[in-house]
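Novice: One line per chain: the protein sequences are S, W and D, in this order. Counting in this note's numbering, the first sequence runs from 1 upward without gaps. Counting in this note's numbering, the second sequence runs from 1001 upward without gaps. Counting in this note's numbering, the third sequence runs from 2001 upward without gaps.
Derived from the structure by calculation, the hints contain no laboratory data. Keep in mind that the hints are not guaranteed to be accurate.
Computed footprint of chain W on chain S, listed as stretches where at least three residues anywhere in the stretch have a Cβ under 8 Å from a Cβ of chain W [claimed, not checked]:
1) 39-53
2) 162-174
3) 289-301
4) 337-347
5) 357-370
Not the full set, but computed from the structure, chain S residues with beta-carbon under 7 Å of chain D [claimed, not checked]:
6) GLU132
7) ALA212
8) ASP307
9) VAL312
All C-beta atoms in this analysis are idealised placements derived from N, C-alpha and C, irrespective of residue type, glycine included.
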Amino acid sequence: MTALDAGPTEAPRTFFFNDPVIRGIVYQIVVGLILVSFIAWIIGNTAANLAAQNKTTGFDFLWKTAGFDISFSLLPWSRASTYWQAFLVGITNTLLVAFIGIVVATILGFTIGIARLSSNFIISSLATVYVETIRNIPLLLQLFFWYFAVLKTMPAVRDSYELPLDSFINQRGIFFPQPLPDAQFGFVWIGLAVAIVGVLVLRRWARKRLEATGQRFPVFLTSLAVLLVLPALVWLISGAQVAFDPPVLGRFNFEGGVQLPPEFLALLFGLSIYTASFIAETVRGGIQAVNHGQTEAAQSLGLKEGDRLRLVIVPQAMRVIVPPLTSQYLNLTKNSSLGAAIGYPELVNVFSGTALNQTGRAIECIALTMLVYLILSLLTSAIMNWYNARVTLVER
Amino acid sequence: MTDTGYVRSELVAAKPAPNPTSGAVVWAKKNLFATPMDALLTAFGVLFLLWVVPPFFNFVLGHAVGPMGTVEECRAITAGACWAYVYNEMEFFIYGFYDIPQLWRPNIVFALGALLFVPLLIPKLPFKRINALLFLFVYPVVAYFLLAGGVFGLSEMPTEKWGGLLVTLIISVVGITLAFPLGIVLALGRQSTLPVIKTICVTFIELIRSVPLITILFMASIMLPLFMPQGMTVDKLLRALVGVTLFTSAYLAEVVRGGLQAIPRGQYEAAASLGLGYWQRMYFIILPQALKHVIPGIVNSFIALFKDTSLVYIVGMKDLLEAVKTKNDSALEWQSANTATTGYLFAAIVFWAFCFSMSRYSMFMERRLNTGHKR
Amino acid sequence: MSEPSQTTAASGQATRQDKATSTKPAIEIIGMHKWYGDFHVLRDINLTVGDGERIVIAGPSGSGKSTLIRCVNRLEEHQEGQIIVNGVELTADLKRIDEVRREVGMVFQHFNLFPHLTILQNLTLAPIWVRGTPKAAAEATAMHYLERVKIPEQANKFPGQLSGGQQQRVAIARSLCMQPRIMLFDEPTSALDPEMVKEVLDVMISLAEEGMTMICVTHEMGFARQVADRVIFMDQGQIIEQNEPEQFFSNPQHERTKLFLSQILH
Ligand SMILES: Nc1ncnc2c1ncn2[C@@H]1O[C@H](COP(=O)(O)OP(=O)(O)O)[C@@H](O)[C@H]1O
Ligand SMILES: [Mg+2]
């Protein structure tokens, strides 16, 4: 804009507001000012409101004793723990249910997505009914269903249903024996690690050999065998023992074993089943996006069905599937916050619920909660951008 | 075959295929028993259906207590739904605590809404513009005064008394209507070349999209009153609407952006070369095309919003799901083994019916738009 | 236009007669019928293609040309009659289908290159995984054929980066890498811009000159005149007329053939 009046061959003067650059700057200043004053107004109001209610602000409360119970926690937790620890417990509980949910939803979703494309009428209809039913009912309603209508109507502890393998299910969740491996069992883990490394080496070797001599090697079956046989052998030789601590009915509840509370189970079922219906649609779309000509070209080159899928169809379908799949994973993680409605102690419940109510630090608690989700999203989209940059098909 | 060539003297008439190509048996062979694996899957599927369908059917109809049944009957059965409960609480599920003698008011609102909204959905019907203007600007005012009262001798009905399906519909329809213009502005802002405006829009969109709706509703519920000048209270319904609108606008902005990106460059250039200003270009040329393109995406956002209204219990509103849950937990006079399940089943059916028909509508529009483009 | 075609046609015929007498036919189709559901798409097809023979199939759209050549490598299955390729009769037997597909290359109208693989990977995929050729050898063969189709410098690009004509030449090279005995072409030039048609036809002509057995569905009548041993005219799922190109073009017999030629040659 300074360049305008700097030149010797000055253009005919325009009314300053008709210069697009100046106009842009004016717009931006106006919008910026409005936004800043709006924020200032909010801050002012908030400060006044907080002062009127005699409330202080700040994050010092994080180091105070929380003094409440959390029904389910992977980290050590007692009433003497601090709010910061409560925050961490909330995060781990969110991540736990999200992680297991993602695994289950992926398996279920891929199965159903592929089933929808089946030429078998019954199988594809079943898959369609699943998708069209599940994704058109609110997740919260499904959580209520699993929690109140299914898991909470289980019998009382005294009348628990017995499941196979010394497990029980009742109002308080599922109880199953806790495996207690002895010291020797460490060798089995080492054996498993060695087997995994071995399989990776084997795959590389098989690939190299194929490239060098053209001979194929049954990698999949051999890998499976190595993964199973090696740890089993080590187990036998080392004489490692696994004891089981079964749940035993005590006076009021089961003692020993592992308990999965109904809140966790309901949230896990709900999240996995709901998200699977969206993943199934993603998978179906991805597979359908691969042009039929690709199959025909691969067929006419003589590639067998397995190779056709592995080398031609799946790599192309995955490019289409992975980006929306990740956003489904992110959705699942965000949706795990609905656990708050059925009492699962995930981040929102613990921190924007209990901790907020006890401390009254609304702004701090909600901001920290949102920050966690924000970081998770940013991380995911960073990974996605990296992936997309790697796999985007090069076009002219 | 000879070297001197060959000419067919008589055309071969079409004859039927050697094996029958239609009929139940052929169909079954192709779709159920094509390979041994298929036969196995079919058997598996049939077993699954036998396992699931009869109990479900019995629960919903076979062993269920009908709408005219009594609670004693409901308590006597264990394997059937208690529809009498739903029938008796229907008013609460649909209107919440709205005074029963005044129910004609929400009913008129429902009827007017359907009357104005349904023609909007049918592409063939004329007067779209007037219809839309009536629905967007006149109807909300009429509906508000009818529902809230306090004028024209209508008794006052505070929003605390509104509930059930009424609230679900109000929040989702008002939410999408308010979020729509906001979403368009955000999408345009995101495309803008002005860095300040672009940054503001991108930050808002990405921030909102990265957090769960429930945290935004927490904010609306707890922090919105703090943000307001002292002594000013924010109605709960309004809190829910603010939260839901902000949330939806960010998602709509992304939908609209998709549409804007699908418009070929030539359209922008042609509009500019006609000498139209920025807003004229957008209003007359770009947005009409972009929005038409993303109608399915908008409908899908609406479906998501409709399901998400079930979260407004956070701010203390009793939407359909919360109304059902409240009765499930508190209607002691209806307590029986399957009362709660029946209540949730009812809510599920209502939500499903709305969402499913909307998703079919979105598919219908998608097909229409696709063929429209090929021509 | 007609002078060079005369000579090549004559020499082509000579080759065919040599081979026809000395070896068994490359493709033999006897009384073949095919239906899509109730639709009788191919009717009483009888066709013998000798080793080294070049056939051009022409006919109006929807007359079943694509369907016919897709039956030859069993992308489609027929319901009646016999198809024998290189002495192997095509039945539902997967092993036989694989055997035939290894020896029959196919070039599609829309190229169907694998977009996620580089040009070189497109070319070596089948030799490595189907033939068990070592990678180095497969790459050498691939480069050889890329040079033949005159685009060796594109080896490490992706299909999306190439023009249509280049893509189609890669597609031809990809089939050649399997060293097929028979090549099928389904309208290989009809999705191309006019200026790219020639580069693809040149490749096909040089293939023909080397004695490859070819069946080409194409409307490039200049190509037919120049290289075909026989032109086959199809309509309504049947072979209406077939003849040497010279006879076919100058003296069509059947009414439909005349009509078709008048439309296409104007
Ligand atoms: N997969 C299919 N299912 C049903 N009909 C088909 C299919 N493929 C082709 N057809 C029909 O078969 C006829 C011949 O098709 P095609 O062989 O592609 O003709 P051409 O290649 O000569 O144009 C057409 O009428 C077409 O509509
Ligand atoms: Mg064709």
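Novice: With reference to the structure, classify each hint as holding or not holding.
Specialist: Structure-based check of all given hints:
1. 39-53: holds (count 7)
2. 162-174: violated (count 0)
3. 289-301: violated (count 0)
4. 337-347: holds (count 4)
5. 357-370: holds (count 5)
6. GLU132: The hint is violated - GLU132(S) has no Cβ within 7 Å of chain D, the shortest such distance being about 28 Å.
7. ALA212: holds (6 Å)
8. ASP307: holds (5 Å)
9. VAL312: holds (6 Å)
The structure does not agree with the numbered hints 2, 3 and 6 stated previously, though it agrees with the rest.
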